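**Q** Here is how the chains run, residue by residue.
Number of protein chains: 2
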Amino acid sequence: MKKIKVGIVGCGAISQLNVPGYLENSNCEIISLCDTQHTRAESRSQQWGISPNIYTNFDEFISDKEMDAIEILTPTFLHSEQIVKSLNQNKHVSCQKPLCTTLDEAEKIKTTLNESKSKFRITENYLYYPPIIKAKQLIDSGAIGEPNMIRIRHLRGKSSNSYRLEDDTNVWRRDSNKNPGGGLYDGGWHHYATAVHLAGEISKISAFVSKNEDFIDETPSSTIFEVKNKKCLVSIDYASSPEMYLRSKYYSVDEFFEIIGSEGTIWITRCTGEMLDLPPLMIFNGDKSTHYQIDSDWISGFKGAAHAFIESINNDSPIDMNIDFSTHVLKIALGVYESSNTLKTVTIS
Amino acid sequence: MKKIKVGIVGCGAISQLNVPGYLENSNCEIISLCDTQHTRAESRSQQWGISPNIYTNFDEFISDKEMDAIEILTPTFLHSEQIVKSLNQNKHVSCQKPLCTTLDEAEKIKTTLNESKSKFRITENYLYYPPIIKAKQLIDSGAIGEPNMIRIRHLRGKSSNSYRLEDDTNVWRRDSNKNPGGGLYDGGWHHYATAVHLAGEISKISAFVSKNEDFIDETPSSTIFEVKNKKCLVSIDYASSPEMYLRSKYYSVDEFFEIIGSEGTIWITRCTGEMLDLPPLMIFNGDKSTHYQIDSDWISGFKGAAHAFIESINNDSPIDMNIDFSTHVLKIALGVYESSNTLKTVTIS
Chain B
2 MKKIKVGIVG
12 CGAISQLNVP
22 GYLENSNCEI
32 ISLCDTQHTR
42 AESRSQQWGI
52 SPNIYTNFDE
62 FISDKEMDAI
72 EILTPTFLHS
82 EQIVKSLNQN
92 KHVSCQKPLC
102 TTLDEAEKIK
112 TTLNESKSKF
122 RITENYLYYP
132 PIIKAKQLID
142 SGAIGEPNMI
152 RIRHLRGKSS
162 NSYRLEDDTN
172 VWRRDSNKNP
182 GGGLYDGGWH
192 HYATAVHLAG
202 EISKISAFVS
212 KNEDFIDETP
222 SSTIFEVKNK
232 KCLVSIDYAS
242 SPEMYLRSKY
252 YSVDEFFEII
262 GSEGTIWITR
272 CTGEMLDLPP
282 LMIFNGDKST
292 HYQIDSDWIS
302 GFKGAAHAFI
312 ESINNDSPID
322 MNIDFSTHVL
332 KIALGVYESS
342 NTLKTVTIS
Chain Y
2 MKKIKVGIVG
12 CGAISQLNVP
22 GYLENSNCEI
32 ISLCDTQHTR
42 AESRSQQWGI
52 SPNIYTNFDE
62 FISDKEMDAI
72 EILTPTFLHS
82 EQIVKSLNQN
92 KHVSCQKPLC
102 TTLDEAEKIK
112 TTLNESKSKF
122 RITENYLYYP
132 PIIKAKQLID
142 SGAIGEPNMI
152 RIRHLRGKSS
162 NSYRLEDDTN
172 VWRRDSNKNP
182 GGGLYDGGWH
192 HYATAVHLAG
202 EISKISAFVS
212 KNEDFIDETP
222 SSTIFEVKNK
232 KCLVSIDYAS
242 SPEMYLRSKY
252 YSVDEFFEII
262 GSEGTIWITR
272 CTGEMLDLPP
282 LMIFNGDKST
292 HYQIDSDWIS
302 GFKGAAHAFI
312 ESINNDSPID
322 MNIDFSTHVL
332 KIALGVYESS
342 NTLKTVTIS
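So the sequence lines, in the order shown, correspond to chains B and Y.
Going left to right, the first sequence walks through residues 2 to 350 as the working numbering numbers them.
Going left to right, the second sequence walks through residues 2 to 350 as the working numbering numbers them.
Simulated from the structure, these hints should not be mistaken for lab results.
Just so it is clear, the structure is predicted and the values come from calculations on it, not from any experiment.
Honestly, I wouldn't trust all of these hints.
A pair counts as met if it fits within one copy or between any two copies, since identical chains are not told apart.
Claimed, not checked - Below, simulated DSSO-like cross-link-like pairs (lysine-lysine); rule was C-alpha separation at most 27 Å, straight line:
| hint | residue 1 | residue 2 |
| --- | --- | --- |
| 1 | LYS345 | LYS205 |
| 2 | LYS289 | LYS118 |
| 3 | LYS332 | LYS205 |
| 4 | LYS289 | LYS229 |
| 5 | LYS86 | LYS205 |
| 6 | LYS135 | LYS6 |
| 7 | LYS179 | LYS229 |
| 8 | LYS212 | LYS231 |
| 9 | LYS137 | LYS205 |
| 10 | LYS231 | LYS137 |
| 11 | LYS6 | LYS86 |
| 12 | LYS345 | LYS332 |
| 13 | LYS4 | LYS212 |
| 14 | LYS212 | LYS345 |
| 15 | LYS229 | LYS205 |
| 16 | LYS159 | LYS137 |
| 17 | LYS159 | LYS332 |
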């Protein structure tokens with residue numbers, strides 16, 4: 002089997018999570034890195050023990066004929082242009098969520114894709130997080146019957162170990178000309194995607210979004226989604242404990258998932274961090290409860306996503322978070338703000 | 002100390018929870034029961050080992066000069082008339098939630114109260130449930146800092162042991178001329194009252210309420226409340242597991258409370274039933290978690306409410322769930338349906 006030759010654009014904090022899955026996959030090879038700061042790319046290549054070509058100019062980077070596939074890890078407002086250019090160069094594209102910033106951009110990507118034979122997907126590590134994979138398997142096998150309520154809780158804490166973002170990250174994230182929202186746009190994407198993955202498409206949205214001075218922390222916020230053609234709701238809560246130390250190897254946030262079905266309930270008790278002293282996966286069926294001690298390292302989701310991308314290229318098979326799925330998630334992300342701003346329930350087309 | 006002479010009106014299923022607190026309180030004595038069915042009242046008096054006067058006519062019952070106080074356990078649509086008549090007979094009144102069916106009725110009760118020297122409160126057992134009392138103490142002592150998110154989850158299951166309701170209960174509860182709503186009106190009252198008790202008054206409401214054929218089970222439903230003048234939201238989820246056996250000595254429902262503050266999170270893991278194999282109260286402060294093995298028998302809340310009522314009469318002291326608090330909760334209960342019906346956020350005056 003031919004090794005897939007991968008290029009990475011964007012060598013910021015998140016690359017430490019996205020890249021290891023490619024590094025350890027024997028079916029691919031990272032042949033190039035691109036970053037506006039040459040030293041940053043160089044320092045990553047040392048950290049990862051590889052000797053890729055290093056670019057600071059995206060157009061030069063993407064015109065490398067050897068490159069089969071690209072992982073985009075740049076600021077959201079650059080995504081649509083970089084995705085379109087990559088597809089036009091016949092590269093397979095994986096792009097770290099969020100998809101882009103507007104529905105027009107999403108439409109442009111879709112039009113380009115229709116002319117292309119390349120694979121495209123949004124990198125959504127949550128869908129490959131082992132407790133979420135296991136929960137999905139349990140749901141699909143009927144372990145809790147028909148789900149009627151999914152609740153996701155996101156919590157921001159503080160941590161001494163957590164990843165430090167690039168100095169310029171908070172600049173573009175807080176710039177409303179470049180980013181449609183704060184935490185509920187950027188981090189929220191994970192929860193919307195996971196909700197759609199577990200329950201199906203969303204038809205209605207109601208949300209209260211708090212605006213805070215830093216324009217990224219939007220806690221407390223809360224959303225309710227109605228799942229299309231099913232008697233099922235999704236509620237997502239965003240809270241914060243700024244004075245609470247939160248165990249985490251990565252970012253100092255944590256999540257909790259509760260999926261209630263006609264016959265039982267599944268809990269996923271952690272994700273990014275490790276707040277709770279509970280097994281990562283628990284299932285309650287009334288008089289019986291089962292606990293699963295499975296891999297719950299957050300990076301495993303990123304690794305799974307990288308492997309799935311390479312596999313879908315090698316097997317020419319479909320992959321999660323394609324353009325239609327991602328466009329739907331984008332509509333949810335925008336609808337959350339619209340509902341909060343208009344004080345009305347928003348219907349998703 | 003003079004024993005408070007108590008009369009009970011309504012001897013249905015719920016009286017088995019409300020009355021034991023009066024039976025075991027040496028500062029009061031149940032001197033009369035009233036029920037439209039004489040045999041039902043008689044059978045309760047045998048069950049409780051007492052020999053009260055038994056009435057089938059409310060007007061005769063309430064005109065008993067000996068009676069100091071009354072506990073109203075009748076259908077909601079009878080409350081306002083019975084409360085007003087009781088106050089006019091100078092009785093202290095405790096009335097099982099909900100307060101009544103309309104804001105006009107609440108206004109009438111308030112007008113009567115203003116002319117009266119009697120005590121009045123809505124019986125809200127949740128406020129006296131030991132894990133909720135402990136959680137409130139922990140919050141007030143600053144154990145989790147300033148709360149910014151409260152989440153309450155209500156779950157309907159099935160149970161072989163659970164209380165059987167009176168045959169006619171589901172008739173009036175399903176009659177929209179007599180009852181303003183289903184599960185989110187009747188059972189929801191507990192959660193709204195608890196939310197206000199823990200967080201403060203509510204200013205805005207957004208809700209999705211499901212209508213089902215039986216007009217009582219309104220799962221799945223979900224609500225978001227904004228707390229007045231605080232950066233704090235309350236989200237309440239109503240789900241069901243109709244095929245799940247739920248351990249419970251009482252009704253086959255259970256609740257879960259999560260209160261997130263700036264420094265930590267409190268969990269109350271059970272209430273009516275006993276779904277989870279977890280300590281009733283848990284507090285997470287990041288690197289430290291503490292579990293409290295305290296009384297979590299649901300009837301303890303009813304007993305606490307009964308004791309508080311007798312104590313407030315004896316000490317002439319204020320009591321929880323007075324007319325203003327209860328009217329606020331009524332506005333929430335009505336606002337939840339209004340928001341769901343109009344697809345708009347409702348502002349509470």
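**Q** Evaluate each hint against the coordinates.
**A** Going through the hints against the structure:
Taking the shortest alpha-carbon separations for LYS345 and LYS205, both the intra-copy value of 10 Å and the inter-copy value of 12 Å come in at or below 27 Å. Taking CA atoms no more than 27 Å apart as the test, LYS289 paired with LYS118 passes in neither setting, with 49 Å inside one copy and 53 Å between copies. In this homomeric assembly, LYS332 and LYS205 come within 27 Å of each other (Cα to Cα) both inside a single copy, at 11 Å, and across copies, at 25 Å. Taking identical chains as interchangeable, the C-alpha atoms of LYS289 and LYS229 are never at most 27 Å apart, the minima being 31 Å within one chain and 41 Å between chains.
Neither within a single protomer nor between protomers do LYS86 and LYS205 lie at most 27 Å apart by alpha-carbon distance, with minima of 34 Å and 46 Å respectively. When the C-alpha separation of LYS135 and LYS6 is checked against a cutoff of 27 Å, the pair qualifies neither within a copy, at 31 Å, nor between copies, at 59 Å. Taking the shortest Cα distances, LYS179 and LYS229 never come within 27 Å of each other, neither inside one copy (31 Å) nor across copies (33 Å). Proximity of LYS212 and LYS231 under a CA criterion of 27 Å is satisfied inter-copy only: 13 Å between copies versus 32 Å inside one chain copy.
Within a single copy, LYS137 and LYS205 get their C-alpha atoms as close as 23 Å, which meets the 27 Å cut-off; across copies the closest is 35 Å, which misses it. Only within a single protomer do LYS231 and LYS137 lie at most 27 Å apart by alpha-carbon distance; the minimum there is 17 Å, versus 37 Å between protomers. In the homo-oligomer, the alpha carbons of LYS6 and LYS86 lie at most 27 Å apart inside one protomer (17 Å), although the nearest pairing across protomers, at 84 Å, exceeds that limit. Taking CA atoms no more than 27 Å apart as the test, LYS345 paired with LYS332 passes in both settings, with 16 Å inside one copy and 19 Å between copies.
Taking CA atoms no more than 27 Å apart as the test, LYS4 paired with LYS212 passes in neither setting, with 47 Å inside one copy and 55 Å between copies. Proximity of LYS212 to LYS345 under the C-alpha cut-off of 27 Å is found in both arrangements, the shortest distances being 17 Å within a copy and 20 Å between copies. Within a single copy, LYS229 and LYS205 get their C-alpha atoms as close as 8 Å, and across copies as close as 26 Å, so both meet the 27 Å cut-off. With identical chains, the CA atoms of LYS159 and LYS137 are at most 27 Å apart between copies only, with a shortest distance of 25 Å across copies and 30 Å within one.
Taking identical chains as interchangeable, the C-alpha atoms of LYS159 and LYS332 are never at most 27 Å apart, the minima being 31 Å within one chain and 38 Å between chains.
Violated hints, listed in ascending order, are 2, 4, 5, 6, 7, 13, 17; each of the other numbered hints is respected by the structure.
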